[in-house]
Amino acid sequence: MFRNQLQRIALFSTRSSLLRVTIRSSKIKVTPTLLPTSISQTRQYSVTTQGIPTTSQITELTPNEFHSISGEYLETLFDHLEYLGESNPSIDVEYSQGVLTLDLPPNGTYVINKQPPNKQIWLSSPVSGPDRFDLVEGKWVSLRNGLKLGDVLREEISGVIGEQVPLEGLDD
Amino acid sequence: MFSSARYVRQSLTPLFKQSVVPTKRFYHPKVIDHYQNPRNVGSLDKTLVNVGTGLVGAPACGDVMRLQIQVDDSTGIIQDVKFKTFGCGSAIASSSYVTELVRGKTIDEAIKIKNAEIAKELSLPPVKLHCSMLAEDAVKAAIKDYKSKQMAA
Chain A
1 MFRNQLQRIA LFSTRSSLLR VTIRSSKIKV TPTLLPTSIS QTRQYSVTTQ GIPTTSQITE
61 LTPNEFHSIS GEYLETLFDH LEYLGESNPS IDVEYSQGVL TLDLPPNGTY VINKQPPNKQ
121 IWLSSPVSGP DRFDLVEGKW VSLRNGLKLG DVLREEISGV IGEQVPLEGL DD
Chain B
1 MFSSARYVRQ SLTPLFKQSV VPTKRFYHPK VIDHYQNPRN VGSLDKTLVN VGTGLVGAPA
61 CGDVMRLQIQ VDDSTGIIQD VKFKTFGCGS AIASSSYVTE LVRGKTIDEA IKIKNAEIAK
121 ELSLPPVKLH CSMLAEDAVK AAIKDYKSKQ MAA
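Residue numbers (this note's numbering), protein chains in the order written: chain A, 1 to 172; chain B, 1 to 153.
No lab work stands behind these hints: they were computed from the structure.
There's no promise every hint is true.
Okay, derived cross-link-like pairs now, DSS-like style, lysine-lysine, Cα gap no bigger than 27 angstroms in a straight line [stated by the list, open to error]:
| # | chain 1 | residue 1 | chain 2 | residue 2 |
| --- | --- | --- | --- | --- |
| 1 | B | Lys114 | A | Lys148 |
| 2 | B | Lys149 | B | Lys112 |
| 3 | B | Lys112 | B | Lys147 |
| 4 | B | Lys120 | A | Lys148 |
Only a predicted model underlies this, so the values are computations on that prediction, with no experimental measurement involved.
My request is simple: use the sequences and hints to build the entire structure.
Below, the structure written as structure tokens:
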């Protein structure tokens, strides 16, 4: 019986190594840089229902540039919120893997996240609702209403704290 | 050796349950109802002049919605509405619910539908508010398509 099990293990390991080989070879076929360019060339998302065309600034942004710029933005925001949390214990903020979650009573829970497929930052606010922001001239701007992400956050957070929160470096 | 391994596994089980169960999130019953019995699924003849088609979302993001409205030309009332959605439970429920909302409304009333109305009805959590916005966009896109067809006709 014991030998039988050993055989099964041996069989399994050869199978998995076979599988790995096929995956590896299929990966090689896919790697030509087709994927990133096709994403950056065609916009696959309706930003505005009014059909406003997206500017070349958005379409020319490479995925790497998007990740570094949006990552830096979210980290700056996280630092500001953590600092605010020190004097306001009711504020709870978490940031991991491009998703920032902010508990801001009495407003509720905010979620601010990177959306890499369309190179946007998405905001879900319990006050102003959902919105999507594109990088236009170095600022994160909603193409639905023209508002800047930094301004929306400044206004709503300042309203809760009861004083003007500067949030330096965020679309100011 | 075997018994000690079993002992470790048994003692770990409650810890595992403790760490997993509270983080589990469930859809609201209304979302599940719309997901399991979606209203007005299907398509309308898009070649008709009084049918408007809205297609929103990004396949790369995982959500695509198509919503079609058939409008009574004389009254501007939306007589029929159909949708097809590829996406998460909340996206399907949002589009299903919005078809119920727009049916019988005039296009001027339907264009005023806000995502908050959908999110509130379905009790969507913060991360799912975007689904309700997509449903709002689908209605607006369908109305826009209907209007541009009317202009051309």
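Tested hints:
no., hint, result
1, B:Lys114 / A:Lys148, "holds, 21 angstroms"
2, B:Lys149 / B:Lys112, "holds, 20 angstroms"
3, B:Lys112 / B:Lys147, "holds, 15 angstroms"
4, B:Lys120 / A:Lys148, "holds, 25 angstroms"
The structure shown violates none of the earlier numbered hints.
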